[in-house]
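2 protein chains.
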Amino acid sequence: MRAAILTVGTELLVGHVVNTNATFLTAALNELGFDVYFQLVVGDNRVRIREALSFLEERAELIVLTGGLGPTDDDLTRDAVAEHLGLGLKEDEVWLAKIESRKESRGQTPLPQEGRQALLLEGATPFPNEVGLALGMAVRARGHTYVLLPGPPGELVPMFERHVAPYLRETFPGGRPLVSRYLRFLGLEEGALFARIEDLIREQGDPTIAPYTEEGEVILRLATRAATPEEAREKLAPLERAVLERLGPYFYGEGKDTTVARVLLDELVARGATLVTAESCTGGELASRFVAEAGASKVYLGGFIPYATDRKAAWLGLSPRKLAEEGAVSAWTAVELARAARRLGGSTYALSTTCAAGPAPADGKPVGTAFVGLSAPDGDRAYALRLCGSRGHVRVRLAKLALFFLLRAVRGEDAPADGGPDRGQSADEEAGGERDA
Amino acid sequence: MRAAILTVGTELLVGHVVNTNATFLTAALNELGFDVYFQLVVGDNRVRIREALSFLEERAELIVLTGGLGPTDDDLTRDAVAEHLGLGLKEDEVWLAKIESRKESRGQTPLPQEGRQALLLEGATPFPNEVGLALGMAVRARGHTYVLLPGPPGELVPMFERHVAPYLRETFPGGRPLVSRYLRFLGLEEGALFARIEDLIREQGDPTIAPYTEEGEVILRLATRAATPEEAREKLAPLERAVLERLGPYFYGEGKDTTVARVLLDELVARGATLVTAESCTGGELASRFVAEAGASKVYLGGFIPYATDRKAAWLGLSPRKLAEEGAVSAWTAVELARAARRLGGSTYALSTTCAAGPAPADGKPVGTAFVGLSAPDGDRAYALRLCGSRGHVRVRLAKLALFFLLRAVRGEDAPADGGPDRGQSADEEAGGERDA
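So the sequence lines, in the order shown, correspond to chains A and B. Heads up: the first sequence is residues 3 to 439, going by this note's numbering. Heads up: the second sequence is residues 3 to 439, going by this note's numbering.
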């Protein structure tokens, strides 16, 4: 079953708008058992929409169009498809009444052109829009199925999930859905991680394995087509085992949308443990990632951001003399910040960060020099790191690594030694190593 | 001058990888004076790459391909283009030596297949890759220009900027570049903001005006084609004036990549002022956005994250009795947090946040109830807000609004009254209003 995606919208052709609809639809159609061979983007232009349809019809049975269903004269998708297929358009009375009542409930009178959003292709199945006013639809003609969806992602996604996916399952039964598992890794630089599984990537067949990176972490996507979840699990298991045999210490969790903060939060909740933070260079990034997870208040008591060096002394009681001797970016400072945060916060654990995030060196240390401090009931320690990339990259990666190191410690596992620095930078022998302090 | 973009890569057709290359190239080509009418995505498949080329050749003079230039058997773009155009491929000796020396400098021996990355189409202009090993190129044939670029954005973007843009400027002189201005707004909900400029959007011609939203702020992009920057400025100025006449109080800055934190930081640096923060529900998000900007240490001394209610008392000295009476999510708490932070931090200004971010109500307050506290040399105040959306949305929007309110205060301007709540939610008459406390 071949599918193609046609995105209509001039805004995509002047730049700065990313086509997330195509990405969403591609993944969703794969999960329904379709092969997507082409994605095409055209502007709000009747001729070009028809040219695109002609091209795609020779190459797919299902064509999903998004965009151009609004009320203005620029919204041409419905008309172009009607003309192309020689089908009439008529107003869906039920939906027209819905548009009117929705506008009235907001104290507005519907403008005449808004009725266009209730136009339905002859013989089409309507898909209600639970967020906006444009009606979606599917129509079968010339041996093809055409699905027309609104452009705003906030309207498209719920319409697809609630109405289009069930329609497609019924209309195209017997597909072999693409089933994916996402394995997530931290603590090993991308190039070093890929090198350890290079043969698995090179010699892949079915299942496939695709690595990608996301804000300083590496994700391996294992995927296969299977008729049932059991079949998928069986097909994916050997590859997953092979990956984890090589990369186990860097693996923190599984799932398309999970985060290291989520995994750590669940682990701490399960243990009835609490957390306090003291961040210098990450400046709230670590805490914010933790607090972003629902239920954080069960574990997170609060934190300190002693950004200026003298606030490290004034707020957390670090010795000004030792601070001057050791430097603000040092293992000593990281440990002392964590220790003080745990004492002042009265928590089970405390995490701290200090680094030279760039663009200029800090405290005489080169950009990328970083330390995580961890204070725990069984003692205190620091992790020395050497991170590469922009200021933003260093801060985000350090925040995630701090959460990862705590996760490992809570589980009674050591932090793994980092396999190497970011590409093109010099190695640091201490990278990822643990130190007593 | 018509251009089309052909992205090659099966990873885009199984989902979850967003085609940011197409977005980047589209914007860049518009800025060079091209009209981009089609974007097409195909997998790593020789036949489909050629089908795509045939379709695009009828519709554009310039075809920019990305992806499929790597060393593996899946990397077919070079071969498909060579076959399609009837051109030979031969190794670029200079680049081949470069690949070998780069591998050797990493202590590696180049694999035989890596030489493929030095293959150049007959008669092509090579574009060096300053990050990776694959050579880019441009070739003119059959009245068309074909540009082949590597797929990784980290390689494509610098190659385009350093080599491709100059090549295209020389090869296609006399274009009328698309020039854009980005006006950024906070403090007015999207729907209410659009309503105030609906006629400008509806009746637009040249220049165009396109609204979009980004993490809770609204951006208006004004764009026109012009031969010179002066011509662009003159054409854009009247529309910009019309927009700012209606939306002035919500405008915070101009630029594609600027942030409210950046604008505030520059304003505080210019005044020699300093900042301390005390965040409850934003949990470091506000501080992190500020610290993300280079040079933050000139202004930002540090902050507190008194997340648990009793830490508000213990760390910042808020009266436990008053906290219980007023509630942790209240104007009183916001003001007291800011006041205490400013006193403990010794800063010119202090900002605080407290809210019910969701998913569950907090402190008996419905999700979205939020307060910003501001302590300044001329007095203390709280801003009451009602925010909609997910936990993440509430936290990010509140952090940005806090920065915006301080920016207004520093400039001696009041915070504007919010024009209304997020779509579909009930209004709150206090939204954005200022209160003495």
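A hint or two may mislead.
No copy is singled out in the list; a pair is fine if it fits within one copy or between any two copies.
What the hints assert, rightly or not - Result set (BS3-like, lysine-lysine): computed pairs, CA atoms no more than 25 Å apart in a straight line:
#1 K92 - K237
#2 K367 - K100
#3 K105 - K92
#4 K367 - K324
#5 K92 - K324
#6 K92 - K300
#7 K324 - K105
#8 K324 - K300
#9 K105 - K367
#10 K237 - K105
#11 K258 - K324
#12 K367 - K237
#13 K100 - K300
#14 K258 - K105
#15 K324 - K237
#16 K258 - K237
#17 K92 - K367
#18 K324 - K100
#19 K258 - K367
None of these hints come from the bench; they were simulated from the model. Nothing here was measured: the structure is a model prediction, and the numbers come from that model.
Which constraints among the numbered hints does this structure fail? Numbers only, ascending.
1, 2, 5, 6, 7, 9, 10, 11, 12, 13, 14, 15, 17, 18, 19
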